[in-house]
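Residue numbers (the working numbering), protein chains in the order written: chain S, 1 to 793; chain X, 1 to 235.
Don't take every hint at face value.
[Said to hold, decoys possible] Pairs of lysine to aspartate or glutamate, EDC-like flavour, derived with a Cα cap of 20 Å:
(1) S:K238 <-> X:E94
(2) X:K215 <-> S:D741
(3) S:K238 <-> X:E132
(4) X:K31 <-> X:E94
(5) S:K238 <-> X:E133
(6) S:K69 <-> S:D741
(7) S:K511 <-> X:D214
Calculated from the structure, these hints are not laboratory results.
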Amino acid sequence: MEHVNPTSSIRNHVAIGLISACIIAFQLILMQILSYVQWYHFAYMIISIALLGFGAAGTFLTIFQKKLKQNYVTLFPFLLIVTAILIPMVVGIANSKAVRFDSLLIFQDSRHIGKLILTYFIFFLPFFTGALSIGMSFSKFADQIGKIYFSNLIGSGIGGIVALLFMQSIIPEQQPFAVAILAFLGGIISLPGNKKTLFRITLSLSTLILVVFYFYPPQLTPSEYKDITRTMLLPEAKVEYAKSTPNGFVQIVSSPVLRYAPGVSLAYQGPYPIRKVVFNNGNWMGSLLQQPIKQNETSILDYTPQALPYHIEKIENALIIDAGTGENVLLALSHQVPHIITNESHPEIFNILNRSFAGFPQVQPHQTLSRTLLTLNTHHLDLIELPVIGSFFGNSGLNAVEPRYELTIEAMQEMWNKLSEKGMISLSCWMDYPVRNAYRLLSTICLLLDENNITRPREHVVAIRSWGAVTFLVKKSPFNLDEIDKVHQFCDNRMFDPLVLPEEQKIDRNKFNMLQDTVFFIHIDQLLSPDKKVLIHQYPYRIHPTTDNRPFFFQFIRFKQIPQLISSISEKNFPFLDIGYLLIILTFIQIILIAAIIILLPLSFKPWKSKHKKWVIVYFSGLGLAYMFLEMVFIQQFTFYFGEPTYATSATLSILLFTSGLGSYYSSTCRKNKIRLVLPLIIAAILIVYAFILSPILSATIGVALPFKIVIAIVLLGTPGFFLGMPFPIGIDYLAEKKSDDIPWAWALNGYFSVISTVLAIIISVEAGYFVLLLMAALTYALVSISNAWIKA
Amino acid sequence: MKKLSVLLIILLDVGFFSSLSGQDKFETNRKEMIKKQIQARGITDKNTLKAMEEVPRHLFVSEEYRDRAYDDGPLPIGYGQTISQPYIVAYMTELLHVVPDDVVLEIGTGSGYQAAVLSRIVKKVYTIEIIEELGLAAKEKLAALNYDNVEVKIGDGYYGWEEHAPYDGIIVTAASEYIPPPLIQQLKDKGRMIIPVGSSFSVQNLMLVEKTGDKIRTKSLIPVRFVPLTRNIKP
Numbered sequence: 001m002e003h004v005n006p007t008s009s010i011r012n013h014v015a016i017g018l019i020s021a022c023i024i025a026f027q028l029i030l031m032q033i034l035s036y037v038q039w040y041h042f043a044y045m046i047i048s049i050a051l052l053g054f055g056a057a058g059t060f061l062t063i064f065q066k067k068l069k070q071n072y073v074t075l076f077p078f079l080l081i082v083t084a085i086l087i088p089m090v091v092g093i094a095n096s097k098a099v100r101f102d103s104l105l106i107f108q109d110s111r112h113i114g115k116l117i118l119t120y121f122i123f124f125l126p127f128f129t130g131a132l133s134i135g136m137s138f139s140k141f142a143d144q145i146g147k148i149y150f151s152n153l154i155g156s157g158i159g160g161i162v163a164l165l166f167m168q169s170i171i172p173e174q175q176p177f178a179v180a181i182l183a184f185l186g187g188i189i190s191l192p193g194n195k196k197t198l199f200r201i202t203l204s205l206s207t208l209i210l211v212v213f214y215f216y217p218p219q220l221t222p223s224e225y226k227d228i229t230r231t232m233l234l235p236e237a238k239v240e241y242a243k244s245t246p247n248g249f250v251q252i253v254s255s256p257v258l259r260y261a262p263g264v265s266l267a268y269q270g271p272y273p274i275r276k277v278v279f280n281n282g283n284w285m286g287s288l289l290q291q292p293i294k295q296n297e298t299s300i301l302d303y304t305p306q307a308l309p310y311h312i313e314k315i316e317n318a319l320i321i322d323a324g325t326g327e328n329v330l331l332a333l334s335h336q337v338p339h340i341i342t343n344e345s346h347p348e349i350f351n352i353l354n355r356s357f358a359g360f361p362q363v364q365p366h367q368t369l370s371r372t373l374l375t376l377n378t379h380h381l382d383l384i385e386l387p388v389i390g391s392f393f394g395n396s397g398l399n400a401v402e403p404r405y406e407l408t409i410e411a412m413q414e415m416w417n418k419l420s421e422k423g424m425i426s427l428s429c430w431m432d433y434p435v436r437n438a439y440r441l442l443s444t445i446c447l448l449l450d451e452n453n454i455t456r457p458r459e460h461v462v463a464i465r466s467w468g469a470v471t472f473l474v475k476k477s478p479f480n481l482d483e484i485d486k487v488h489q490f491c492d493n494r495m496f497d498p499l500v501l502p503e504e505q506k507i508d509r510n511k512f513n514m515l516q517d518t519v520f521f522i523h524i525d526q527l528l529s530p531d532k533k534v535l536i537h538q539y540p541y542r543i544h545p546t547t548d549n550r551p552f553f554f555q556f557i558r559f560k561q562i563p564q565l566i567s568s569i570s571e572k573n574f575p576f577l578d579i580g581y582l583l584i585i586l587t588f589i590q591i592i593l594i595a596a597i598i599i600l601l602p603l604s605f606k607p608w609k610s611k612h613k614k615w616v617i618v619y620f621s622g623l624g625l626a627y628m629f630l631e632m633v634f635i636q637q638f639t640f641y642f643g644e645p646t647y648a649t650s651a652t653l654s655i656l657l658f659t660s661g662l663g664s665y666y667s668s669t670c671r672k673n674k675i676r677l678v679l680p681l682i683i684a685a686i687l688i689v690y691a692f693i694l695s696p697i698l699s700a701t702i703g704v705a706l707p708f709k710i711v712i713a714i715v716l717l718g719t720p721g722f723f724l725g726m727p728f729p730i731g732i733d734y735l736a737e738k739k740s741d742d743i744p745w746a747w748a749l750n751g752y753f754s755v756i757s758t759v760l761a762i763i764i765s766v767e768a769g770y771f772v773l774l775l776m777a778a779l780t781y782a783l784v785s786i787s788n789a790w791i792k793a
Numbered sequence: 001m002k003k004l005s006v007l008l009i010i011l012l013d014v015g016f017f018s019s020l021s022g023q024d025k026f027e028t029n030r031k032e033m034i035k036k037q038i039q040a041r042g043i044t045d046k047n048t049l050k051a052m053e054e055v056p057r058h059l060f061v062s063e064e065y066r067d068r069a070y071d072d073g074p075l076p077i078g079y080g081q082t083i084s085q086p087y088i089v090a091y092m093t094e095l096l097h098v099v100p101d102d103v104v105l106e107i108g109t110g111s112g113y114q115a116a117v118l119s120r121i122v123k124k125v126y127t128i129e130i131i132e133e134l135g136l137a138a139k140e141k142l143a144a145l146n147y148d149n150v151e152v153k154i155g156d157g158y159y160g161w162e163e164h165a166p167y168d169g170i171i172v173t174a175a176s177e178y179i180p181p182p183l184i185q186q187l188k189d190k191g192r193m194i195i196p197v198g199s200s201f202s203v204q205n206l207m208l209v210e211k212t213g214d215k216i217r218t219k220s221l222i223p224v225r226f227v228p229l230t231r232n233i234k235p
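Starting from the given sequences, assemble the full structure and let the hints guide the process.
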């Protein structure tokens, strides 16, 4: 064993911290890059790939343990520098024409499945080399595992913050280079001082390569099916503004043929305005309002069903939810609403919104999520208007696993509670085929009315339909005849058709916009009738109301339907329908297989003789599985709490990793203590308590000032985080103490289950909800604790 | 010399027959396509069926997708655009109710395939493509394949092609989120416009716009791919 002096030990800890920070930062940046060139759901793929790197590193360690340990001093800095070089390199290769896959062609063109798998392997490389360097350190300094794990977790926590800084200040193409510098610095400080020639050569070569990457960064080309790509094909299209933010890459594009008239009535005779369009991560976010805004100018949205509430009631107080660039605010303004509250969580889009209405004191924009605003708002509102739901005529389900807390039954109840006596909630959706959005909205409305003891829902619901969209109005008090007359007038003037009116009203639902048959009307009527549950249960898609526990409004696929959908892929019957969730399932299957091949298969060739085999399997697999389950639950809960997804995710990860780091540091002091055996049971107990108290605490304190919220988050995350950091180093420490060869197996099993648990957590959340996911994590820790009986004996 | 001539004849024959067998393959595929994908789904209009049988779809897709040209699905043609599923092309063509004397406007030339199919039925097809590269490629292809009654223009389809209006039928093959008023104005009385609504890579619903005097009426047509699923539900 080589002697390691105290100075080099400190350098080593710093280097481990740097590579850990680099890996986490790269992971977050890569998630952002893939959200830009592809779609959001590949974020989960990146987490899995990163963890795959860790698992594979464990396997590699097992096979080459002796050589790696012997050459640690030279190999460690070498791996860090290789990681630094690989980071910008793999981003460039994965985005090259030959390798780049397209999500929307995966079910259309089998070559794209091959490209997707190839992308897995390419992205896997820097995670593998980075993880190998950390794993080697664990193995080499097993006797100091607590401290090494501390450096690793603290570095990871800092990595989350560094990634945010990079996303805010550096263009996406340069971000991989920036994170690579962290690994490079780690490599440089850990280069052995006694090998000067090696030092010089490595330094010169790696600097040269990185300089090349700085001047020739990887080209990021969004999928040809993304809104931005299609828009850029328009004549004279040009990007007028671009800004990288942690919430996404914002671009503003202009073209003389870029018109804004989504679903506008055929009765509209004016010109369709030419507008600049705002994109976030290549996705359409809204169009820029014509400046200066004139309050009396009719909005083009006045010719869409969304304008209905303004034509039947005098609105005094309106809440416009998730206003985006402000088109719905303009609609309210044009109807002389004296008090308009609105929100937008994306900071850059919020700035646009804020600037647009700066001269209008009646408009109060808030930069937060709608649920936070609903809690904070104390006014009684005449109108709460949500943005149009769904994509224009059917979507490909790419946002299937994106939680939508503003559309859950709890959100609706909060809105209901804020309504004045004549107040209304306005919900609009694009028509999709097969119909899903409209049915899910109406089933949510009906449940809301049920829960508020409204026995005659038709008296409180009005709906109208254009050729492209449906608007539902839910009113706290029953609609009166005067209001119903105004609905008819509005429909006749705008060429819209009434869809839902009080029972006694005879209506022609097919006057202007005919449907091929009456199935849609029959379903709508059934959802408003007492036997709505029959339809909700029998409809081929999920249309039941969503809850805060399962807030996936756009996930319509039933799990049992998946084999049927997969079999129809070969018939090319649903090339782009609801593929978001299918991609998650596909990712899960692929990751199980790839992780098994990379992590477990090579180990199976090496005989594993151990007295602790059973324990190692249950203990380390369980820890891998449960920790990631918890991360997913906490990220969701605290995103809802802070009302700002990107910062909330980074803060949650950083607090969790930081406190876990403290826990692992502290664990070295209790290695002999018997408490270590029941530690997982303590964690399980905390988690069971959390399953019942976390959500109520967060709901009760959502309105307190930000500094208090941060303190509450630190306490709530830090308590389990501290304990969560302890079992892994304690387990490794135990194996080291026994001079066991099980450590790489422990590392690999932990890695394997971490890899699959990320995507599995999404599937469990969708199918059973976050509550069950949290309980499953608790159960897993309980099992881990029980497994300690094997070593106790 | 004699041997050389024999060899040359054999080689030429092999070339001829292999190219013939390639042609045969596409013709067979095309006939299969008509039978299994189009007639089987209820398309009965003889003009449409004849046109679909005549137009070599494989020549409107890139080399890499040629073997899959007669598959039952859309295919990418670049620039985020697709050549529609054969059934969609047939369905839209049939719905236009066009006859040999008619003049048709197409918005969104794309590969040029839909225009080629229409040109076998009507007197004249005017087609507009906003993406220059696609429009030029389609123009060249249609000319090379002697579709002389098709005229291609690069431009903004929103304004239609007023110079040749009114049209008996307008077919919009690029998905839109609005129905441009100039197109309705350029439609003849009793004329029909077919427009797909939705993002162009997930064409799920076709809209029929009928003009009778000053009155305009829309009709949402069957969501083609999902008919069985949607309609099997018992209320």
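### Message
Tell me the hint numbers this structure goes against, listed in increasing order.
### Response
1, 2
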